[in-house]
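Colleague: Once you've looked at the hints, dock chain B against the given chain A.
These protein sequences, in sequence, are chains A and B.
The first sequence runs 1 to 188 under the working numbering.
The second sequence runs 1 to 188 under the working numbering.
For identical chains, the list gives no copy identity; a pair is met inside one copy or between any two copies.
Quick list of in silico lysine-lysine cross-link-like pairs, BS3-like style, CA-CA up to 30 Å:
{"hint": "1", "residue 1": "Lys178", "residue 2": "Lys96"}
{"hint": "2", "residue 1": "Lys147", "residue 2": "Lys174"}
{"hint": "3", "residue 1": "Lys174", "residue 2": "Lys17"}
{"hint": "4", "residue 1": "Lys183", "residue 2": "Lys17"}
{"hint": "5", "residue 1": "Lys7", "residue 2": "Lys178"}
{"hint": "6", "residue 1": "Lys180", "residue 2": "Lys96"}
{"hint": "7", "residue 1": "Lys147", "residue 2": "Lys7"}
{"hint": "8", "residue 1": "Lys180", "residue 2": "Lys17"}
{"hint": "9", "residue 1": "Lys147", "residue 2": "Lys14"}
Keep in mind the hints are simulated off the structure, nothing from the lab.
Just so you know, these numbers come straight off a predicted model, no measurement behind them.
The residues making up each chain are set out below.
There are 2 protein chains.
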Amino acid sequence: MSQRMHKYTFPVSKARKYLEPGPVLLLSSQFEEQSDIMTLGWHTVLEFSPSLVGCMISSMNFSHELIRNSGQCVLNLPTAELIDKVVAIGNSHGDKLDKFDAFGLTAEPAHSVGAPLIAECFASFECQLYDDSMVDNYNLFIFEIVKAHVAEQPEFPTTLHYTGEGRFTIMGDKMLDKSKDFKPEMLI
Amino acid sequence: MSQRMHKYTFPVSKARKYLEPGPVLLLSSQFEEQSDIMTLGWHTVLEFSPSLVGCMISSMNFSHELIRNSGQCVLNLPTAELIDKVVAIGNSHGDKLDKFDAFGLTAEPAHSVGAPLIAECFASFECQLYDDSMVDNYNLFIFEIVKAHVAEQPEFPTTLHYTGEGRFTIMGDKMLDKSKDFKPEMLI
Chain A
1 MSQRMHKYTF
11 PVSKARKYLE
21 PGPVLLLSSQ
31 FEEQSDIMTL
41 GWHTVLEFSP
51 SLVGCMISSM
61 NFSHELIRNS
71 GQCVLNLPTA
81 ELIDKVVAIG
91 NSHGDKLDKF
101 DAFGLTAEPA
111 HSVGAPLIAE
121 CFASFECQLY
131 DDSMVDNYNL
141 FIFEIVKAHV
151 AEQPEFPTTL
161 HYTGEGRFTI
171 MGDKMLDKSK
181 DFKPEMLI
Chain B
1 MSQRMHKYTF
11 PVSKARKYLE
21 PGPVLLLSSQ
31 FEEQSDIMTL
41 GWHTVLEFSP
51 SLVGCMISSM
61 NFSHELIRNS
71 GQCVLNLPTA
81 ELIDKVVAIG
91 NSHGDKLDKF
101 DAFGLTAEPA
111 HSVGAPLIAE
121 CFASFECQLY
131 DDSMVDNYNL
141 FIFEIVKAHV
151 AEQPEFPTTL
161 HYTGEGRFTI
171 MGDKMLDKSK
181 DFKPEMLI
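Same shape as in the complex, but just chain A (with noise of 0.2 Å):
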């Protein structure tokens, strides 16, 4: 079985810390009684404040539904150690399966939202539909993160980055602190 992280609030306009490296993400989405989780590997950091995420999600999974109906959904980094739970809801389909029940995972209550925080992974963002202009055309959902919760360590986790055909890279611990050549003014 999976630790819970124990998180604390982290502020949502530097969510791109966590977000902008590429890590798969678990998305969770509720509306009425109904959950779903899914993996999400197509997602972009656009603003930093408000705190804005763009995310392509098929119409195919059960979480396009709940998403729409609901507005809102929870972004949950998930840690290496949580690989063969991410590729078994991967390969799974919401509408008749209680994911949280079927892989062994925790549902959360939120702080503003109605979906729920993945409790075992490491961070997790509440997200608020910001613009549904893009999802007829192109699934794209614009989220803004109204709330975070990160864990205090490590810094950086070992996170999943997909390359496709059912393949994951994984971020080393290294890290490489360049801030000295910045510009102050990029230093955000």
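Modeller: Relative to chain A, chain B alone:
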């Protein structure tokens, strides 16, 4: 001086292999006699075929103007050994500076677009503007990758992933093959 990478044609529908893991990119663009290079961390794959990618390119970048005028760019994938050039490019403005000259990079003619490839990068994806309807609101350009060039070795390059505040994490060379746990139809 960095080495020029010999690159081979790669299927555009598989560009996600190199873009989905979330690396920092060097975006090159050209309009008439002016070219630019900028660093790009905010991008996401949007579709396999056509091969679509969404890129958030701030209007403060000279590249923004060049792309609006030309409708084209190249997304180049630098490896970690290019970090000092990546940082220097991110800290400079291209309207009065030839960044190829200034940072010792080689402009190579592309196959299908007017913007140049960066010879020293591991991969280059030639892009045609596909949808500019989100540019005014979000600086979000949707491009179609029309031609891809990728070096043969290594299969998984050591890429840079930006976390903000001048600090980069580095993709490890560890790859986890979970393809046997995937449903066959998910192995794209």
